[in-house]
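Visitor: Chains as they are written, first to last, in the working numbering: chain A, 1 to 383; chain B, 1001 to 1163.
Note that these hints are calculated values from the structure, not bench results.
Misleading hints may appear alongside valid ones.
[Unchecked claim] Cβ-to-Cβ under 10 Å is the rule here; a few derived chain A residues that face chain B:
id	residue
1	H86
2	A96
3	Q132
4	H155
5	G157
6	V189
7	D235
8	R236
9	T352
Using N, Cα and C, we set each Cβ at its ideal position, and we do this for glycine too.
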Amino acid sequence: MTDYSHSRFIVRATLVSILCLGPALSAAAQQPAPPAHPTPPDDQTMREAQPEYPSLHIAGFGDVDFAAVNRNDGARGFTEGQFTLHMVSALSPRIAFFGEVTFTPRVDAGTGSPAATGFNAEVERAIIRFDQSDALKVSFGRYHTPINWWNTAFHHGQWLQTSISRPEMVQFGGRFIPVHFVGALVEGVAPSGGWNINYQAGIGNGRGNVISRAGDAGDNNDVPALLFNVFAKPDRLFGLQVGASAYSDRITTIGRPDYNERIVAGHAVWQHENPEVIAEIADVRHTPVGTSVTTSSLAYYVQAAYRLPAPARLWKPYYRFEHIDIDSNDVVFADVPNLDVSIFGVRYDISTYVCIKTEGRIRRRAANLPWTNGWFSQIAFTF
Amino acid sequence: MVMVGALRRRIVCQMLWLALACPITLGAQTGHDVAVVVHPDVPIDSLTTADLRRLVLGDRGFWPGSLRVTLLLRAPVAYERDVVLKNICEMTEAQFRQHWIAKVFRADTAVAPKIVYSSEMAADLVNRMAGAITFIDAAQVGRGMRVVKIDGRMPGDKGYTLH
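Based on the provided sequences and hints, a complete structural model is requested.
Guide: Below you can see the structure in the form of structure tokens.
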């Protein structure tokens, strides 16, 4: 065979191979591949993947803070933030326990007799929940009261929130909204198409003898606290959540008559980071039992943040305005101050689990009081 | 004559290469679609993108019939994970991690996604864990696997969004 005839043979063979093998190979490429696992399954992998009960997992949050203020209004210099431990344990496929414990440094450490400890230990949340389905979950325990979005979105995880501080209307230890709730909660997602309407209904002890605390050791009156929260997360506007809440309770404190408390609250949140927008409002009404004289106190805040585009993606500037207007005739809130505050700052995510925040606050408690300026910084992390 | 022969041999070699390369190229295009695979007992054939987002973000924890969802996700850097985060969750890796840390911290769920380290591991576990759902490169989907439609489309269909 000459070179020429040899080449002609190869050309023909190639054409035949294209005509015959090409479609065959194309078809093979579009056919489902053979089973990925002709070999026996790896039992060790399977064992590791199967859930074990109880399955305790612990996560933590911490922060270190620095404050510089022009008046004696709060801590100055370096402060150790809350040391927060979060526990979650699935007890069966449908039952789980959630717990949150904090250790907070005390300003009166070492004083008194016996001497006060350096840190306050507090069980912030302890919840046991039974999940029947997405539509029905029943739980019992101590919660962050689900009538405020911030209160149930960030809890004590400073790293989770964009800003250093919580809005004062839901400040831990604050009195405007009952931050904690001891009782039972029914929650779930109602059939609502693409609206994703969620509900929460609860019954519990309400405020304790000190109104900033929940009735951990029992209800101090015979009127239970009731709450209802409903919010929507529509599919068409992924990232949006809008909701409203109602709360009622009877407040019993030593040396004062009982008051009925009614709270109506609303929130709208755009949870994407560019931009992030959080707005909440709450109206708290107090009526002395047996009368019709009602006081109304209002609080709201609006926070906006924006995650900058690359290459500055680690930076997230933010601004928040807060307002609290206490009814001057409200005896229950006699010690709760008014507030107007502007907060502007920036968050820098130094790594996936650590961020540095710095913010300035300009605030005034009343029209006849001077403005207070302060600069605050925080390193917050999860571990 | 020798030069003509060499030229022809080169052309032949190039044609052979093209003959072999074309099907491979077609296969690679198909393979870049990511299939959504569920356990055979999961009572669904089709999901919307919004359904899938709720599953991946933990907003939906049960299949119809109250069967618990077990989410099997590839470890970071895997192509399938990148596709899910970008196309379904519209999140970066850092945002997705923060979302799940917050989700568990809020007591919304006690179970975070299980991480699988290879397509083989994902394929193995999805067929053996009740209620499991995972994401596998469509080219690696085996015959015994249950692939669900997304917005009415299967991997390879025009308009399929997971790629």
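Visitor: Taking the hints in turn, state whether each one holds.
Guide: Status of each hint after checking the structure:
1. H86: holds (5 Å)
2. A96: The hint holds - A96 (chain A) has a Cβ within 10 Å of chain B, the shortest such distance being about 3 Å.
3. Q132: Status holds, d = 7 Å.
4. H155: holds (6 Å)
5. G157: Since chain B brings a Cβ to about 6 Å from G157 (chain A), closer than 10 Å, the hint holds.
6. V189: holds (8 Å)
7. D235: Result: holds, 4 Å to nearest chain B Cβ.
8. R236: holds (8 Å)
9. T352: Nearest chain B Cβ about 5 Å off; hint holds.
In terms of the numbered hints stated before, the structure departs from none.
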